[in-house]
Amino acid sequence: MAVIGESPGRMPRVTLGARLHNNNNFLGLLFMIPAGIMLLVFLAYPLGLGVWLGLTDVKIGRPGKFIGLGNFRWLAQDSLFWLSVFNTLLYTVVASVIKFGLGLWLALILNKHMPFKAMIRAIVLLPFIVPTVLSAMAFWWIYDAQDSIISFLLIQLGLIDSNIDFLGKANNARASVIAANIWRGIPFVAITLLAGLQTISPTLYEAATIDGATRMQMFRKITFPLLTPIIAVVMTFSVLFTFSDFQLIWVMTRGGPFNATHLMATLAYQRAIVGGSLGEGSAIAVAMIPFLLSAILFSYFGLQRRKWQQGGTDD
Amino acid sequence: MSKFTRRDMLKTTVGAAVAGPALLAAARSWAQEMKFTPEPGAKLRMLRWKRFVQSEEDAFLALIDAYTQATGVEIRIDSLGFEDLRPKAAVAASVGTGPDIIWNIHADAFLYPDALVDVSDVCNYLGEKYGGWYPIAEEYGIKDGKWIGVPFVMSGNFINYRVSWVQDAGYDGIPDNTTDFLDLMKKLKANGRPGGFALGNASGDGNAWAHWILWSHGGSVIDKDENVVINSPETIASLEYVRELADTFIEGAASWLDGNNNKAFLASDISVTNNGISIYAAALREGMTDISDDMDHAFYPVGPVGKPTEFHVAFPMLTYKHSDFPEAAKSLITWMMEADQYNQFLQGAVGYLTQPLRAFEDHPVWTEDPKRAVFQKASERSLSFAYPGKLGRAATEVFADFVVVNMVAEAATGRKTPQEAAEDAQRRAERYYVL
Chain A
0 MAVIGESPGR MPRVTLGARL HNNNNFLGLL FMIPAGIMLL VFLAYPLGLG VWLGLTDVKI
60 GRPGKFIGLG NFRWLAQDSL FWLSVFNTLL YTVVASVIKF GLGLWLALIL NKHMPFKAMI
120 RAIVLLPFIV PTVLSAMAFW WIYDAQDSII SFLLIQLGLI DSNIDFLGKA NNARASVIAA
180 NIWRGIPFVA ITLLAGLQTI SPTLYEAATI DGATRMQMFR KITFPLLTPI IAVVMTFSVL
240 FTFSDFQLIW VMTRGGPFNA THLMATLAYQ RAIVGGSLGE GSAIAVAMIP FLLSAILFSY
300 FGLQRRKWQQ GGTDD
Chain B
0 MSKFTRRDML KTTVGAAVAG PALLAAARSW AQEMKFTPEP GAKLRMLRWK RFVQSEEDAF
60 LALIDAYTQA TGVEIRIDSL GFEDLRPKAA VAASVGTGPD IIWNIHADAF LYPDALVDVS
120 DVCNYLGEKY GGWYPIAEEY GIKDGKWIGV PFVMSGNFIN YRVSWVQDAG YDGIPDNTTD
180 FLDLMKKLKA NGRPGGFALG NASGDGNAWA HWILWSHGGS VIDKDENVVI NSPETIASLE
240 YVRELADTFI EGAASWLDGN NNKAFLASDI SVTNNGISIY AAALREGMTD ISDDMDHAFY
300 PVGPVGKPTE FHVAFPMLTY KHSDFPEAAK SLITWMMEAD QYNQFLQGAV GYLTQPLRAF
360 EDHPVWTEDP KRAVFQKASE RSLSFAYPGK LGRAATEVFA DFVVVNMVAE AATGRKTPQE
420 AAEDAQRRAE RYYVL
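As given, the protein sequences belong to chains A and B, one line each in that order.
Each step along the first sequence adds one to the number in numbering that gives the first Met the number 0, with nothing skipped, and position 148 is 147.
Each step along the second sequence adds one to the number in numbering that gives the first Met the number 0, with nothing skipped, and position 37 is 36.
Hints are not guaranteed to be accurate.
[As the list claims (entries may be wrong)] Reference excerpt, derived from the structure (chain B facing chain A, CB under 7 Å, subset only):
| # | residue |
| --- | --- |
| 1 | Ser93 |
| 2 | Tyr111 |
| 3 | Ala408 |
Just so you know, the hints here were simulated from the structure itself, not pulled from any lab data.
Ideal Cβ positions, reconstructed from N, Cα and C, are used throughout, including at glycine.
Given only the sequences and the hints, what does the whole structure look like? Please build it.
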């Protein structure tokens, strides 16, 4: 669009205000300011503050001073911190992979024509709708050491003799909390992938059928490639949610037994809020950022910027 | 029929806690000669932990209401679960704004002593008038010769057991020493009625029994001079005891948080555990007479050190320096702790909470139901979690990080040998004390 007042020599009476008013770039900037302020106040500031706190030795009730990387050096020697890093990675990788597999499978099923389709889709969303704390409480009961419904049923069926110690043994507890996270996370993956599946044109499948493609070939050559962009987005979010999970763990185990399920997020809370070491807790939280960033970068470079998305070929 | 709205609900709940005429008259005459005079136009905001039992909160609010009517000081009470209350209290302390009084938990006053009003006058007055403070109250209240908080109550945590099952195992009650206690637990297990103590990160029950067993054998996190001494032969002896004791537990105690033992006890899955009075109260409330009639409470058995080593939880009232009305706060706290009022409050707390002042030891709440009797002694028998050192920041951090609970759990489940568990705890505790 041509901008009036571009040549002030010919139209000397146009004021600066009027010129700015008609300048698209300036207006664009102006309209972005509110959103920018929101981002700055609610996103950048807390993040910046968190990073800053992580570089200080501030404790609850006591102002701290800048100690550089002191907290990180300190954490590097802390076996509990490393245990929490290990737990978090294990939790994220295992839960995300399974969530993806099951979620994709569920999406493919839901994409078929079946009776009560809308209702079934709504039901699938349930675990995602229920507040996390509530589902965590439900799982806490399901995994109860004495009155677990799972143990009860298996004993009644004669498959086992004694209660399963779901949350009392380190690896059982890890598997149990991962299972709870998977249950909670699948709907998000499934419903979003379902939305992606529905954008794939049926004509492609028709053409493939005419060419004699098998169902597996159709999945590999049509469904999966066309779904990749949405998979990238979904899995990025899924990994981020899983990595920073807090509520499930806090309600079910408090990080126990023997800290076998302590995640970085729960340890950060325990150290910062319960223990009062805000600086150290923030440092743990900051230590999560590189992991999260690399997950985002991986999905961005690895999955989203495929050549075919820009009109080229993939090979 | 009219609709019952949320507003009506609020009215009735508040209505339940309105002061009766007798209380009101008492409040008016007390206000004539009160020791601390509220500033004119004073208003107070108090943040408290969420009640364990409704009757306690009712009694508490009725006293507050009477105070407001007699003195004209408006008071707003908010409550929060105590896990959430502590960070709020700390934030109020560091930013210098927020509630005037916080009824807090543990030794948090020691994290921000400079933000708190010196309440020595209140505490000295109450102490002189009501038979003196128990030593534990002074430990939680005094820093460098000044009272930084008013100890308001302690919450007891004792052995809960099934009377007939213990008798079947050949004992009249819980033995008074750890050797016999282990024998009892073994016999209970052999009878198919195991006990269970929380080994997960259970901040209440887990800490209570883990500290008891550590101290009972002479171990402790620090010594009197704040040196970390948890890796000691005494600690290892206590962990060897734990190793044996844990064999008598029901399966799954390793995962237990604070609520699990209540549930297991009420389901008759376990014979012995440690808890506040809440299991008993729940059994009474739900009419589970088979349990309430057949259960009782006992002191923790005494270990080789030859004296009680129990851990009960302190709940002090903290007044903030940022308050515009510190005198009103002092006046209110004094009102609550004067005999007539405090007696009503203790009655409402039905054994959940124990007095920090000796004069209230003879309160009928302790004798009208003999099963509450041990809770009378919570303040007298409690040590602080810094025992035998002084409360402070490092002690709070070690406590919050479950160092003792984790050590006991690792030894109990055999994940680590007692030596390894003690060494690990030493390393973890030193991180906080060495600074």
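Each hint tested on the structure:
{"no.": "1", "hint": "Ser93", "verdict": "6 Å, holds"}
{"no.": "2", "hint": "Tyr111", "verdict": "3 Å, holds"}
{"no.": "3", "hint": "Ala408", "verdict": "6 Å, holds"}
Violated hints: none; the structure is consistent with every hint.
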